[in-house]
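Protein chains in written order, with the numbering used here: chain A, 56 to 170; chain B, 32 to 143.
Calculated from the structure, these hints are not laboratory results. Do not take every clue at face value.
[Claimed, not checked] Here are the simulated DSSO-like pairs of lysine-lysine, each with C-alpha atoms no more than 30 Å apart in a straight line:
#1 A/95 x B/135
#2 A/64 x B/100
#3 B/130 x A/108
#4 A/64 x A/93
#5 A/95 x A/74
Below are the chains, spelled out letter by letter.
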Amino acid sequence: DTEVTQTPKHLVMGMTNKKSLKCEQHMGHRAMYWYKQKAKKPPELMFVYSYEKLSINESVPSRFSPECPNSSLLNLHLHALQPEDSALYLCASSPQRGSSYNEQFFGPGTRLTVL
Amino acid sequence: DAKTTQPNSMESNEEEPVHLPCNHSTISGTDYIHWYRQLPSQGPEYVIHGLTSNVNNRMASLAIAEDRKSSTLILHRATLRDAAVYYCILRGSGGSNYKLTFGKGTLLTVNP
Chain A
56 DTEVTQTPKH LVMGMTNKKS LKCEQHMGHR AMYWYKQKAK KPPELMFVYS YEKLSINESV
116 PSRFSPECPN SSLLNLHLHA LQPEDSALYL CASSPQRGSS YNEQFFGPGT RLTVL
Chain B
32 DAKTTQPNSM ESNEEEPVHL PCNHSTISGT DYIHWYRQLP SQGPEYVIHG LTSNVNNRMA
92 SLAIAEDRKS STLILHRATL RDAAVYYCIL RGSGGSNYKL TFGKGTLLTV NP
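Please model the complete structure; the sequences and the hints are all you need to start from.
What follows is the structure, given as structure tokens:
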């Protein structure tokens, strides 16, 4: 299984809602990532988990809260988002974190709209 | 991170070869050259990577200039399914090698 799955595919939420995005991989990868991609722009890294521990936070606002319950799962909890947070949220995984030659495997993304 | 420069867009015809260029004049000796592509409505997908020598895999070939200041991704016979944004990315051995820093990429259009 060389797939990264993400649920839901689409999410619409109000600014006072709390919601979560889910990502799953069964490739035995020990590094997992959240990227954010605004329309017509390239993806930008948000968080990196290595061996289920948060290792990198790219100065992301606290209304985004990541969680890695186990080595296969990655969640992104959303609370009090703003309309400008509307974007495609991409999850990725790789065999390990710090390698300049390991490829990253991406999921199809969750398209988030904040009203 | 060392920067890459790619054309904003390119066009090709189906079943013809496509050469996608990337300039990276500030590349360091330990930077790997990676290529990813993003098909419409999908996440990015790894294509190929190399360090110094040319590389081939089932998807594409990567030709790296002798001075490593540029590289070319070669799709040998473009299909409609190859229409995507192609990103050329440098990954070094330093502290930031955990992440992919995407540039603007090249939007490839394939005409039937």
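- Mind listing which of the numbered hints don't hold for this structure, in increasing order? 2
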